[in-house]
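Chains A and B are the protein sequences, given in the same order. Residue 238 in the working numbering is what sits at position 238 of the first sequence, and the numbering runs on without skipping anything. Residue 162 in the working numbering is what sits at position 162 of the second sequence, and the numbering runs on without skipping anything.
The set of hints was computed from the structure by calculation and includes no laboratory data. Among the hints, erroneous ones may be present.
[To be verified] A partial selection of chain A residues facing chain B, derived with a Cβ cut-off under 8 Å:
1) P52
2) H53
3) F188
4) R236
5) Q246
6) T247
7) F362
8) Y374
9) W420
Fair warning: this is a prediction, and the values are worked out from it, not measured in the lab. Note that the Cβ used here is the ideal one computed from N, Cα and C, for glycine as well.
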Amino acid sequence: MQDTIFDVVVVGSGASGGTLAGHLAQAGVSVAVVEGGPRINTRTDFNTHALPHQFPNRHIPTMKPGKPGFESERARGVGGKSLTWNAVALRFSPRDFKGRTREGAGEDWPIAYSDLAPYYDAIEREVGVCGNRDGLPDLPDGVFQPPVAMKCTDVAVMKGAAKLGVKVIHVRKATLSRAAFGRPACHFCGNCMAGCDVVAKYNSADVHLAPAMKGGRLRLFSDSIVREVVVTPENRVSGVRFLNRQTKAEGEVKGRVVVVSCACVQSVGLLLMSRSRLYPVGLANSSGQLGKHFIPHFTGGVQCFLKEFIGVPVTNEEGYLDHAYIPSFMHDRERGYARSFGIQFNYQNRRSVGWARSVPGFGESYKKAVKDRYPAFLTFSPYGEMLPNPGSYIDLDWEKKDSHGLPVARRHVAWAENDWRIFRSMTDWSVRILESAGAEIHSVSQEPRTNHELGGCRMGTDPKTSVVNGWCQSHDVKNLFVVDGSVFPSASEKNPTHTMMALAVRTAAYIAEGLKRGELA
Amino acid sequence: MSDDRREALKIIGAIGATCAFPFSADELYAQHAHSAGPDAALPKPSFFTKEEMESVTRLAEVIIPGAAAAGVPAYIDMVVGKNEGLGKLMREGLAWLDRQSPARFVALTPEQQVALLEPLCSRADSGQPGDGVDFFRAMKNLTADGYYTSRAGLVEELGYLGNTVLDRFPACTHEH
């Protein structure tokens with residue numbers, strides 16, 4: 001095993017790494033996937049269908065008793081966050097790639113929508129994305145399975161939004177609305193983010209990695225926490241060194257090409273901790289840009305009760321969490337800020353009644369107020385695009401080591417004026433839309449929260465100001481690639497995973513071609 | 001076999017026929033059915049004294065009628081026992097409450113108990129500070145958390161209907 005040299009070593013097995021590895025294997029390339037977490041059986045290992053009252057502290061653990069993963073430090077599991085994502089699959093639009101050209105703020109991507117379009121197609125054709133072809137210029141249609149019906153409460157929001165000229169569409173999700181690809185259709189139990197146990201919702205372990213392993217071209221190293229990407233004096237990467245999650249034993253996997261795909265902050269952290277004589281401040285960091293331009297999405301939130309549903313009989317509205325979406329509508333309106341926001345809503349699970357805490361009063365009248373509002377509760381989560389600023393970056397805390405002795409990656413986020421303007425605008429619009437839909441507002445978030453981590457390893461044409469080129473290839477080390485959200489030079493307001501997966505397919509094709517021509521190895 | 005169960009098995013059977021990730025119909029149904037079980041057993045109260053527990057039980061019941069039978073007092077004891085700050089707030093708050101009238105809180109009539117809590121609640125609801133307000137806020141939060149995560153609160157009182165197998169998601173058919 002020590003002597004095996006794989007064509008490609010992929011660090012991470014989530015939506016990006018899993019997709020990339022699956023495609024490389026399909027192209028006939030030998031691949032090693034090195035994942036810090038354990039293998040997870042999605043059929044049996046998650047507490048998918050549990051309710052809080054089954055646990056004394058009312059907290060549902062992600063994993064069943066004795067099943068490792070997700071709960072422990074630096075160990076998620078084979079499949080990464082694709083196992084517990086909400087599966088919203090939106091294409092970025094042409095505008096999202098050219099933000100600087102269009103608005104003079106932030107950055108352009110070195111690639112255009114047309115470069116990625118065929119790869120969005122490929123993903124939709126192989127994993128299944130359901131949605132409606134809405135014909136919107138700013139949210140390109142794809143190859144969709146039929147959409148899932150909206151909830152009654154979505155229809156109420158749609159009517160309220162329409163009065164303000166705001167469009168509500170069917171959400172687009174990488175969850176099957178029809179059985180396909182040997183996977184069943186969604187059965188609407190409402191537990192998507194607890195781990196879909198029938199793989200109606202896409203996850204990389206079952207959809208991309210398992211078939212490739214069966215084909216014999218992909219070898220999985222699970223429970224293997226990568227601590228260094230090794231670079232030779234000839235300025236080539238030669239593989240990775242890892243620690244076993246349980247035994248802490250050292251190991252190494254060698255490859256002609258290395259791809260770092262272990263999620264934004266961890267990918268940046270791994271490169272920063274891979275210090276060498278050639279790269280004393282982090283691998284592929286001759287520009288000093290590694291970790292900078294951290295641009296996670298930010299969200300706010302409004303909780304409300306739709307008046308027309310107060311006191312009505314309860315129905316089963318769990319579905320597959322959110323069934324509708326409000327695409328960006330501000331990007332071509334007068335607005336006093338750059339970029340825009342989109343709104344996810346009505347994704348709350350009816351088993352979570354945390355809002356009952358802040359319903360006024362006590363006693364029988366309080367209890368009735370909660371019961372009446374139960375079918376009417378609805379959450380709005382607008383997502384805004386952050387612009388890069390010097391106060392937002394990722395670095396390593398060399399003083400603070402995790403249980404494996406590795407420095408902990410730190411997130412630094414500073415909100416700039418443009419971010420606050422978007423935040424205020426998206427909050428105001430959320431309240432306006434909900435009031436227009438006849439809502440009683442329950443709570444309004446006053447501060448942005450981060451989600452969808454992006455940036456830190458951004459792609460660009462200039463090696464002085466970016467870490468990778470338009471092929472996700474390191475400017476410094478030609479056989480090193482980074483493929484995940486960290487390479488996004490600008491974030492869009494749209495959920496990022498679909499774009500990461502399209503980038504993964506495109507990069508896999510580029511690497512396979514490069515290996516064939518002998519240009520990479 | 002109930003009609004519900006037969007129906008669910010039929011649906012799962014249809015799914016199973018095309019699924020490359022083989023699982024038995026019973027297995028999936030069993031996971032869903034599992035959620036119909038009773039509340040997990042709570043540890044015997046160990047943080048509060050017997051007298052304190054009497055007060056917690058009565059307070060929970062006044063805040064949400066039915067909370068005591070739903071096991072909320074034992075839940076509160078467990079949560080509070082694991083959080084030092086909360087433990088101090090609750091313990092001092094219970095003692096404070098007993099000092100507000102000549103008799104202990106639990107010895108008051110229900111009307112007197114409500115009259116004592118009402119000003120605390122209205123201050124808590126409107127975000128005004130005051131003696132006993134933080135304690136009441138914590139007590140209400142704990143009671144709401146415990147009750148609405150219990151089977152009695154979530155399933156029986158609110159009527160939670162999710163976590164089932166649907167062969168399709170029904171479209172909205174009524175006028176808005």
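Consistency of the hints with the structure:
no. : hint : result
1   : P52  : 4 Å, holds
2   : H53  : 5 Å, holds
3   : F188 : 4 Å, holds
4   : R236 : 39 Å, violated
5   : Q246 : 27 Å, violated
6   : T247 : 30 Å, violated
7   : F362 : 4 Å, holds
8   : Y374 : 5 Å, holds
9   : W420 : 24 Å, violated
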